[in-house]
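Sequence lines, in order, name chains G, V, B and E.
Position one of the first sequence corresponds to residue 6 (our numbering), numbered consecutively onward.
Position one of the second sequence corresponds to residue 6 (our numbering), numbered consecutively onward.
Position one of the third sequence corresponds to residue 6 (our numbering), numbered consecutively onward.
Position one of the fourth sequence corresponds to residue 6 (our numbering), numbered consecutively onward.
Keep in mind the hints are simulated off the structure, nothing from the lab.
Misleading hints may appear alongside valid ones.
With a straight-line cut-off of 20 angstroms between C-alpha atoms, the simulated DMTMM-like cross-links for lysine to aspartate or glutamate are [claimed, not checked]:
#	chain 1	residue 1	chain 2	residue 2
1	V	K185	B	E125
2	E	K17	B	E146
3	E	K201	G	E287
4 protein chains.
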Amino acid sequence: MYNSIALIGGDKRQLYCAKEFLNDGYKVTLSGFDKLKSDGEFVLSDPFSAVKNSDIVVLPLPCVKNGYINAPFSHEKIKLSDELLSALSDKKIFCGQSEKLLSLAPQLKREKVFDYSLREEFAIMNALVTAEGAVEIAMREFEGVISHSRCLVCGYGRIGKLLCEKLCALNADVTVSARKQEDLAYISTKNCKAVKTDSLCELSPFDIIFNTVPALVFDQKVLSHIAKDALLIDLASIPGGVDFESASRLSISTIHALSLPGKAAPKTAGQIIKNTITNMLEEDDRCQKPA
Amino acid sequence: MYNSIALIGGDKRQLYCAKEFLNDGYKVTLSGFDKLKSDGEFVLSDPFSAVKNSDIVVLPLPCVKNGYINAPFSHEKIKLSDELLSALSDKKIFCGQSEKLLSLAPQLKREKVFDYSLREEFAIMNALVTAEGAVEIAMREFEGVISHSRCLVCGYGRIGKLLCEKLCALNADVTVSARKQEDLAYISTKNCKAVKTDSLCELSPFDIIFNTVPALVFDQKVLSHIAKDALLIDLASIPGGVDFESASRLSISTIHALSLPGKAAPKTAGQIIKNTITNMLEEDDRCQKPA
Amino acid sequence: MYNSIALIGGDKRQLYCAKEFLNDGYKVTLSGFDKLKSDGEFVLSDPFSAVKNSDIVVLPLPCVKNGYINAPFSHEKIKLSDELLSALSDKKIFCGQSEKLLSLAPQLKREKVFDYSLREEFAIMNALVTAEGAVEIAMREFEGVISHSRCLVCGYGRIGKLLCEKLCALNADVTVSARKQEDLAYISTKNCKAVKTDSLCELSPFDIIFNTVPALVFDQKVLSHIAKDALLIDLASIPGGVDFESASRLSISTIHALSLPGKAAPKTAGQIIKNTITNMLEEDDRCQKPA
Amino acid sequence: MYNSIALIGGDKRQLYCAKEFLNDGYKVTLSGFDKLKSDGEFVLSDPFSAVKNSDIVVLPLPCVKNGYINAPFSHEKIKLSDELLSALSDKKIFCGQSEKLLSLAPQLKREKVFDYSLREEFAIMNALVTAEGAVEIAMREFEGVISHSRCLVCGYGRIGKLLCEKLCALNADVTVSARKQEDLAYISTKNCKAVKTDSLCELSPFDIIFNTVPALVFDQKVLSHIAKDALLIDLASIPGGVDFESASRLSISTIHALSLPGKAAPKTAGQIIKNTITNMLEEDDRCQKPA
Numbered sequence: 006m007y008n009s010i011a012l013i014g015g016d017k018r019q020l021y022c023a024k025e026f027l028n029d030g031y032k033v034t035l036s037g038f039d040k041l042k043s044d045g046e047f048v049l050s051d052p053f054s055a056v057k058n059s060d061i062v063v064l065p066l067p068c069v070k071n072g073y074i075n076a077p078f079s080h081e082k083i084k085l086s087d088e089l090l091s092a093l094s095d096k097k098i099f100c101g102q103s104e105k106l107l108s109l110a111p112q113l114k115r116e117k118v119f120d121y122s123l124r125e126e127f128a129i130m131n132a133l134v135t136a137e138g139a140v141e142i143a144m145r146e147f148e149g150v151i152s153h154s155r156c157l158v159c160g161y162g163r164i165g166k167l168l169c170e171k172l173c174a175l176n177a178d179v180t181v182s183a184r185k186q187e188d189l190a191y192i193s194t195k196n197c198k199a200v201k202t203d204s205l206c207e208l209s210p211f212d213i214i215f216n217t218v219p220a221l222v223f224d225q226k227v228l229s230h231i232a233k234d235a236l237l238i239d240l241a242s243i244p245g246g247v248d249f250e251s252a253s254r255l256s257i258s259t260i261h262a263l264s265l266p267g268k269a270a271p272k273t274a275g276q277i278i279k280n281t282i283t284n285m286l287e288e289d290d291r292c293q294k295p296a
Numbered sequence: 006m007y008n009s010i011a012l013i014g015g016d017k018r019q020l021y022c023a024k025e026f027l028n029d030g031y032k033v034t035l036s037g038f039d040k041l042k043s044d045g046e047f048v049l050s051d052p053f054s055a056v057k058n059s060d061i062v063v064l065p066l067p068c069v070k071n072g073y074i075n076a077p078f079s080h081e082k083i084k085l086s087d088e089l090l091s092a093l094s095d096k097k098i099f100c101g102q103s104e105k106l107l108s109l110a111p112q113l114k115r116e117k118v119f120d121y122s123l124r125e126e127f128a129i130m131n132a133l134v135t136a137e138g139a140v141e142i143a144m145r146e147f148e149g150v151i152s153h154s155r156c157l158v159c160g161y162g163r164i165g166k167l168l169c170e171k172l173c174a175l176n177a178d179v180t181v182s183a184r185k186q187e188d189l190a191y192i193s194t195k196n197c198k199a200v201k202t203d204s205l206c207e208l209s210p211f212d213i214i215f216n217t218v219p220a221l222v223f224d225q226k227v228l229s230h231i232a233k234d235a236l237l238i239d240l241a242s243i244p245g246g247v248d249f250e251s252a253s254r255l256s257i258s259t260i261h262a263l264s265l266p267g268k269a270a271p272k273t274a275g276q277i278i279k280n281t282i283t284n285m286l287e288e289d290d291r292c293q294k295p296a
Numbered sequence: 006m007y008n009s010i011a012l013i014g015g016d017k018r019q020l021y022c023a024k025e026f027l028n029d030g031y032k033v034t035l036s037g038f039d040k041l042k043s044d045g046e047f048v049l050s051d052p053f054s055a056v057k058n059s060d061i062v063v064l065p066l067p068c069v070k071n072g073y074i075n076a077p078f079s080h081e082k083i084k085l086s087d088e089l090l091s092a093l094s095d096k097k098i099f100c101g102q103s104e105k106l107l108s109l110a111p112q113l114k115r116e117k118v119f120d121y122s123l124r125e126e127f128a129i130m131n132a133l134v135t136a137e138g139a140v141e142i143a144m145r146e147f148e149g150v151i152s153h154s155r156c157l158v159c160g161y162g163r164i165g166k167l168l169c170e171k172l173c174a175l176n177a178d179v180t181v182s183a184r185k186q187e188d189l190a191y192i193s194t195k196n197c198k199a200v201k202t203d204s205l206c207e208l209s210p211f212d213i214i215f216n217t218v219p220a221l222v223f224d225q226k227v228l229s230h231i232a233k234d235a236l237l238i239d240l241a242s243i244p245g246g247v248d249f250e251s252a253s254r255l256s257i258s259t260i261h262a263l264s265l266p267g268k269a270a271p272k273t274a275g276q277i278i279k280n281t282i283t284n285m286l287e288e289d290d291r292c293q294k295p296a
Numbered sequence: 006m007y008n009s010i011a012l013i014g015g016d017k018r019q020l021y022c023a024k025e026f027l028n029d030g031y032k033v034t035l036s037g038f039d040k041l042k043s044d045g046e047f048v049l050s051d052p053f054s055a056v057k058n059s060d061i062v063v064l065p066l067p068c069v070k071n072g073y074i075n076a077p078f079s080h081e082k083i084k085l086s087d088e089l090l091s092a093l094s095d096k097k098i099f100c101g102q103s104e105k106l107l108s109l110a111p112q113l114k115r116e117k118v119f120d121y122s123l124r125e126e127f128a129i130m131n132a133l134v135t136a137e138g139a140v141e142i143a144m145r146e147f148e149g150v151i152s153h154s155r156c157l158v159c160g161y162g163r164i165g166k167l168l169c170e171k172l173c174a175l176n177a178d179v180t181v182s183a184r185k186q187e188d189l190a191y192i193s194t195k196n197c198k199a200v201k202t203d204s205l206c207e208l209s210p211f212d213i214i215f216n217t218v219p220a221l222v223f224d225q226k227v228l229s230h231i232a233k234d235a236l237l238i239d240l241a242s243i244p245g246g247v248d249f250e251s252a253s254r255l256s257i258s259t260i261h262a263l264s265l266p267g268k269a270a271p272k273t274a275g276q277i278i279k280n281t282i283t284n285m286l287e288e289d290d291r292c293q294k295p296a
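Start from the sequences, fold in the hints, and give me the full structure.
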């Protein structure tokens, strides 16, 4: 069992993550939040002391940005100095996008660096936050209600599944496109219409279109079949699944919504990081030692 | 049957309302939208000509503001001049909050003035828009997801019913308070917990609280039992159901959300006006004449 | 406060009702259940002693049948003898369809006889049981799944509302008919289609039709427009809302489902009786006396 | 393109399957339904002629039983005679559990025998029918309503997923057990509680327990922690996931529900067979020839 934890860098998500560890009884030290006043709950400290005095270390997602620890709430940049690295090298480090850390600090032992952002449950729980965030965007941007609006969800992966569920729950008139017969079968068990992704051009008009597929699905040809007053929300990570230039030429409103979890629900996003780390700690017997 | 319709004043809702009448085959004349360029669909005209050349007249909600026809999209104020009134006096007038019109222009015949804002189906459909708008606010302001958040809906009238439904659909952990046993019975058939409104002080903490009751439910005493980090959204019309001053003193975040339909979903709000007027036209045999 | 309660007559519902009172700490005496072996929880007794030794008396729904207390689980008929009536006359009596009791025993004081079956929350909660029971019948009789089946619910009263909700939840393709504009408005906020009851003849075919309206909606003319392979489930109490003779002649499968709560879910039906009586006891200050 | 199809053997599912092919414009010949009178739609014929005169052949699930074609609606047993086999050997054969056919008739060419029962979309769609069938059983056997009943679904595979969804939709209080973190993550995005399968003994009591796991989850130890009045419905195929003997000794009500699709909804089950075959025909280019 570990008793103390240092969180270095990150944004609101890390603060909520820290709160959750605190609620679990950990001694929590924060570093890289000097824009924050201590509220008596957390210990605030410099990175080296934070690491030194803690059993485990948590870094944000992404853990590293432009050669420094990603710490948007810190006035000073946090450098991976020799001193800090030597303190870190003893500890278990939990971070997001660990490859960035390991390439910047190759002296860290790979077996001591754990990447929560690669875990499947992390991706699933974040898909829920993304799905809700997408609904929020649609509610804000679309001038009608979601109820009975004609929505297309393109793709039935983690985000597509949960987004489809939310839209159906809000009584939208939902169509979901997928390529695999088994996905089409699952879709047809829901309160929505299943169509093949390669038949998008033949569909009747939609009010709101959500893309979740990380490939150029909405190319010029498909876009030319979309109603002019449709709202197209692309949830696929850069470069996205929409030919934005053609969309603009065709006067189709588009929104490329990126990194929704941290923006739409930092509290939940922080809890997800915490829960994933807890799962990893439980699973990894080697991580366990008597308190 | 009527063939032509004039819409005088109003905001985006009236534009969407106009579009719906157009889709139904009416000749539609708009007035009070000089900030708007004609898009070839509507005839744009001065108020007098608009009324003169139309079978029926539609005014916005509220129809009158500060002594003029409520026309926020017009550069000039639209006065109820003698000329305009004489044109109006021949026509059936559909408006919201008709008493304001009738007190400003007592010479209009009461039996020719129809108030869509008093219709029950109008109130119900707008409650849907308000409920979705409230969810949108909660999504925007609350730092977690709605899913599994602890929500209290105070009141089980039109808005409370639909809001409860939306929150349950989004997998929130919903408690609804009401006073009447029959409301509590209905609530208990849903996926939520029913409590008596007078027991609010005894409840466990909530993340988001929605008030729909137009009475001071959230007085100092009740507020003192609310978690400090709760978000309190008041949907009751002015003065609302919250002692905002005490809430502020207790550092409870509050939002007084007013007139959501027009803000959150003007398209739907406009369609509702149109549908209500259509119902009134159908019902009122006296309104019918051969085309 | 009352401490002891006698339940005379009734079926499984009364047994479950008795169990709930027991769980609340009451001393419970059962009578009219001689087909039942005592399981040590309840006191079993003759009607006179049961009443004599209890603070309040609960009779079933209906309380009286063919001149006796309605006691289908009793070998002997329970007569309202002078002795029993004199014991009863002192007590508060809670029963269903009290008019039957009062006309059989006019000497009972009307102000001491409380009818739970007239309470609105009783009707609402039983509507839920009826709605689930109707779904169960549909699942059993219809040879397809409810999911994506085409269902018509005729009427939007207590049962119609809840049945519509259940069918939508199971992803049926639901149409609801009603007469009032306000009901049609509420229906249109759900995931279903709203139609006017007088337009039933013009609708496209349904797999399953549920009638909840206690009037002859499905007369010969309407029946002649129904698909031959449709299943028609009438939930309206006798005589129902279907011309069964014409339906038979037209080879339409019909089921007249009556008294579903006691049949489909006696446990819940018993809990509803108990909860309603508890509400009545709480409300009626005159009922309260120190324990 | 194929124009004609022979369905040999099977039960009601095959009849509904045949109807669907008919609706798609196929010439359909039925064999093995001599308990049935022709209704003018299907050609009824002996197996040999049926095969001879058709482009493709459909056999039931399972296709073979006790050495004969599985034909419960036929008076006579249908033998795989040399004559019939030689007719079959030319045709594409679609069947369920093809291994049984191929071991009985090894002379059939494996590449001409297509097994729809091995297809993923077939399994998914049948899981929906099974889930609804399980709900029907629960509604019939449980003496309360599903709404607010405490349900446990053990396993989050195809059936567990859809059953969980149905129960949540009916407002049950649902707990789902799974072993994998990613399944637990998905479960936690629904309106239910996620628990680890190995913690079943520690859970609070349930009204209805559904097992979907094909392994002995409900052994004596787990059973001893289950409430005596719980209903335990085992959906796992033989031998199931319940120690039925121990359950009986512990007086726990159990139901081993097998082959639900054909029993609960033969119409849907038949449509699923048809849709799966259609998918296979579409996918298999080699199957296609000009009409």
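Hints, one by one, checked against the model:
no., hint, in the structure
1, K185/V x E125/B, "holds, 10 angstroms"
2, K17/E x E146/B, "holds, 14 angstroms"
3, K201/E x E287/G, "holds, 13 angstroms"
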